[in-house]
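*Asks:* When we follow my numbering, the leftmost residue of the sequence shown carries the number 4, and every step to the right adds one.
Since the hints were made in silico from the structure, they are not lab data. Each hint should be verified, as a subset may be incorrect.
What the hints assert, rightly or not - The calculated DSSO-like cross-link candidates involving lysine-lysine, where the alpha carbons are at most 27 Å apart (straight line), are: (1) Lys96 with Lys127; (2) Lys138 with Lys96; (3) Lys120 with Lys163.
Predicted model only: the values in this text are computed from it and were never measured.
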Amino acid sequence: VHVGAVAALASALLLSACSDGTGFRPMYGTSAIGGANVSDKLAAVEIAPVPGRVGQRIRNEMIFQTTGGGNAAPPGYRLELAIRESITSTLVKISGDASGSVYNLDADFRLIRIADKQVVLQGKTAGRAGFERFKSIFSNVRARQDAENRVATTVATDLKTRLAAYLSGAA
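Go ahead and model the full structure; you've got the sequences and the hints to work with.
*Replies:* Written out as structure tokens, the structure reads:
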């Protein structure tokens with residue numbers, strides 16, 4: 004009986020802390036005091052071109068994730084990315100041939116406020132995806148491209164989450 008009373012009291016305290024405006028609030032919900040919601044702020048992030056096929060995949064994924072496939076808002080921020088790609092061989096056979104590989108992508112990013120050209124957020128993100136090696140050249144190319152696409156989606160999702168977290172608290 005006492006455990007139930009303690010749990011009810013703890014729940015009531017947690018809920019009251021959230022309702023006073025200083026506790027938790029949904030990241031993608033509308034702002035309480037007339038501000039723009041995070042989705043609108045994300046749509047106002049201009050994604051700078053990123054060189055290479057994987058860079059373009061990340062950019063396209065970011066544009067889709069921040070605008071929802073709709074039109075972008077007039078830019079208030081600019082996101083710049085620099086990526087580094089590499090391949091790590093795994094599952095090396097006795098003959099020295101690799102039967103598996105890992106595609107590695109490391110990215111540095113900067114979010115720049117366009118109004119005053121200030122860097123307001125910067126950091127690093129990374130993605131890794133394994134793929135098998137085959138005797139067929141086409142199969143190897145396709146397997147690597149699939150790994151690159153998976154990593155591009157992972158990096159774009161991480162970037163969107165980090166931008167949303169920053170923009171939910173930005174004025």
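*Asks:* Compare the structure with each hint and give your call.
*Replies:* We went through each hint and held it up to the structure:
1. Taken as a hint, the Lys96 and Lys127 pair is broken in the structure, with Cα atoms around 34 Å apart against an allowance of 27 Å.
2. Of the supplied pair hints, the one linking Lys138 and Lys96 holds, its CA atoms being roughly 14 Å apart against a limit of 27 Å.
3. Between Lys120 and Lys163, the direct Cα distance comes to roughly 21 Å. Compliance with the 27 Å bound is thereby established for this hinted pair.
The structure shown violates just one earlier hint, number 1.
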